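With chain E's structure known, arrange chain H on it following the hints.
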Amino acid sequence: MFTDRRVQPLVKRHSVAVYYQGPQPDHCYQRWNLLVNTPHREYYRGDRAAGVTAPNLSKEHTYAEHVVRARGKRSQFTSLSLDRLKIHDFGDTTYQVLRDTLDDDAHELVEHERLLEELRRVATESDKAGRARAIQAIRYSKRRKEGLVNWRFDISGIDRKDLVTWAFRQLKKYFRKV
Amino acid sequence: MEQLFSCRNCIHNCGQSLTIGRGSGYCLKHDSVILEPGQTTCKYLHRKDLPRFVVDEAIREHAAEFANFSALVNLRTKKAIQRLPYSEKFVWEKQIFDPIVHMLAQYYKSQPSWVFVQALSGGVDGRRALTHSALVRRYMDRCATWVSSYRLVLSVVQEISIEPCFDSESLVVENGETEDDAREEARWDVVFARIASVQEYGFHSGVETLMWATDQLDGALSELDWPRLKSELETKRKQWTKDIIDHAATENVFFPPPDDSPPGEEPPA
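Protein chains in written order, with our numbering: chain E, 1 to 178; chain H, 1001 to 1269.
In isolation and in its complexed conformation, chain E is listed as follows (with noise of 0.2 Å):
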C-alpha cells in the first residue's frame, strides 16, 4: 500500500497527520499511539514582524543539536511552543502555525512529546557528545514546551547561496500572525 516508506501519511484525525516513519517495529506501535491520542493543538513562535526566520535547509542537525545549538544558531529545523509566550528569539511578533497546511504539504511536525521522547532515547543510545548535548536539550525543550518542523521542502534547483531567502518566501504561507 505505501511504497515511499519515509513519508507516508497513514489518517487525519482532527487536522493531525500521522505518518509512518519506516521500519522501527519497537517503537512503531508507541508512536502511533501517542500521535493517535494526541489531541489537536496549536503550537506558536514568537519572530520578526517580517515574518518567521528562515531555517537554514543546507544543514543536517539532530534534534538534541537543534535545541542546544550545539552547531550554530540556525538548523533545518524550525523551533515552536505550545506556549505562546515561551519561544521569542528573534523578535516579539507572535505566529501560529498552519497545521492543515504543514500536512498538506507533507512537512512534518514532531510534536512535544515526541521530541521528548526522542531526545530521552538519544541520551541512552547516542554517542558520548550526542548524550551529553540530548541531556541538556530534554531540559529546553520541556521548559518551552517546544515542538518542532521538520521541512520536507525539494531544494535540489535552489542555489546554495539563495536558499535562505527562498526559505524565508515559502515559510509565509505555514504561520498567521495571531
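These aren't lab readings, by the way, just hints derived from the structure by calculation.
Each hint should be verified, as a subset may be incorrect.
Think about it this way: if two alpha-carbon atoms lie no more than 25 Å apart in a straight line, the pair counts; the simulated PhoX-like pairs of lysine-lysine are [stated by the list, open to error]:
#: 1; chain 1: E; residue 1: K128; chain 2: H; residue 2: K1230
#: 2; chain 1: E; residue 1: K128; chain 2: H; residue 2: K1242
#: 3; chain 1: H; residue 1: K1079; chain 2: E; residue 2: K73
#: 4; chain 1: E; residue 1: K145; chain 2: E; residue 2: K172
#: 5; chain 1: E; residue 1: K59; chain 2: H; residue 2: K1242
#: 6; chain 1: E; residue 1: K73; chain 2: E; residue 2: K177
#: 7; chain 1: E; residue 1: K73; chain 2: E; residue 2: K59
#: 8; chain 1: E; residue 1: K59; chain 2: E; residue 2: K173
#: 9; chain 1: E; residue 1: K73; chain 2: H; residue 2: K1078
#: 10; chain 1: E; residue 1: K86; chain 2: E; residue 2: K173
#: 11; chain 1: E; residue 1: K128; chain 2: H; residue 2: K1238
#: 12; chain 1: E; residue 1: K59; chain 2: H; residue 2: K1043
#: 13; chain 1: H; residue 1: K1242; chain 2: E; residue 2: K73
#: 14; chain 1: E; residue 1: K142; chain 2: H; residue 2: K1029
#: 15; chain 1: H; residue 1: K1094; chain 2: E; residue 2: K73
#: 16; chain 1: H; residue 1: K1078; chain 2: E; residue 2: K161
#: 17; chain 1: E; residue 1: K86; chain 2: E; residue 2: K172
Note that the coordinates shown come from a computational prediction; the quantities given were computed from them, not determined experimentally.
Chain H only, in chain E's frame:
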C-alpha cells in the same frame, strides 16, 4: 534560544545564568559592566550550560559572526556597546549595588588569581556556587592546562551534590512562569555548570571518566530527578575526587615540593 549566545550564558560573566542574577552583569574578559546581559554578547563567548568541547562548532560560528567587533556587541542589532568600567560610587548613588558584581569587579586587584577563586568555594548560595564554577572554568581555559587547576576542581567536586539555595532577588522569572519554576530552573543551571566544570577538567587533563561525567549518573540527570541525582552525585563525589588525585599523583604534580602554589599561574592582568 538566542540567550544561549548572550553574556548570561558566558563564563566570563560569572555571576549570572539564564535564570540567575537580575540586572547588570560583569564581564571579566572586557573588564566591563554589562547593562543588558541577555541582549549582549562578544566573539569570546564560552558557554556555561555545556562543556565547550560539545558545542565547539556553535562557538566557532558565533566567533566568526562577531569577529569584526573588538568588544561587547548587541546580540540582535549587532551594534557595538561601549565598555563601562565598574564604579562603586556610581552603584551606591543609583542604589543598584550587587555584592556578586562588586566582588567580581575586584578580581584583577587580587593576586594571585587562584586565591580569589579558591576563596569563593563553600556555602549553599546558588548564585555564589554558579560564580565559583564559572571562575574555575575560566581559570582553566586561560591557563589552557589542568596542572594549575586540579585543586580548584577538587573544591567544585566537593560541593557537587549540595543543593543550591536562592533568594527571590536572585531569580529571573520569565513571562508565564512562577517563582518556583524559576527556582527549579536556577537549580539546574548550577548543577549543569558544576558538572560542565568537571567535564572541561576531564578534557584538559585527558581523564575520560571525568570528560564524560554525565554518562555516570545513571539516567538521573536526563530525568531531571534531583533527589536521585543528589544521591548519585554523593557517590560520584568520592570517585571523582579519587580520580583527580590519582591522576595528579601519577603525573607528579600533586603538591610537589618545594612549595604548594599551583604551577602555571596565569600572568597578572
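Going through the hints against the structure:
Note on E/K128 and H/K1230: the hinted pairing holds, with a Cα-Cα distance of about 22 Å set against a maximum of 25 Å. Pair hint E/K128 plus H/K1242 holds up; C-alpha atoms about 22 Å apart against a cutoff of 25 Å. For the hint linking H/K1079 to E/K73, the alpha-carbon distance of about 19 Å falls within 25 Å, and the restraint holds. Using a Cα cut-off of 25 Å, the hinted pair E/K145 and E/K172 holds, with the two alpha carbons roughly 23 Å apart.
A threshold of 25 Å between alpha carbons decides the hint, and for E/K59 with H/K1242 the separation of about 42 Å lies outside it, so the pair is violated. Between E/K73 and E/K177 the CA atoms are separated by roughly 23 Å; this keeps the pair inside 25 Å, and the hint holds. At most 25 Å may separate the alpha-carbon atoms for a hinted pair to count; E/K73 and E/K59 meet this at roughly 11 Å. Of the supplied pair hints, the one linking E/K59 and E/K173 holds, its CA atoms being roughly 22 Å apart against a limit of 25 Å.
Between E/K73 and H/K1078 the alpha-carbon distance is near 15 Å, which keeps this suggested pair within the 25 Å criterion. Taking the CA atoms of E/K86 and E/K173, the gap is about 22 Å. The hint holds against a cut of 25 Å. A threshold of 25 Å between alpha carbons decides the hint, and for E/K128 with H/K1238 the separation of about 22 Å falls inside it, so the pair holds. For the hint pairing E/K59 with H/K1043, the CA-to-CA distance comes to about 23 Å; that is within 25 Å, so the pair holds.
About 39 Å separates the Cα atoms of H/K1242 and E/K73, which puts this hinted pair outside 25 Å; it is violated. With a CA separation close to 33 Å, the supplied pair E/K142 and H/K1029 exceeds the 25 Å bound. Note on H/K1094 and E/K73: the hinted pairing is violated, with a Cα-Cα distance of about 37 Å set against a maximum of 25 Å. For the hint pairing H/K1078 with E/K161, the CA-to-CA distance comes to about 22 Å; that is within 25 Å, so the pair holds.
Between the alpha carbons of E/K86 and E/K172 the distance comes to roughly 21 Å, so the proposed pair stays at or under 25 Å and holds.
Comparing the model with each earlier hint shows violations of hints 5, 13, 14, 15; every other hint is respected.
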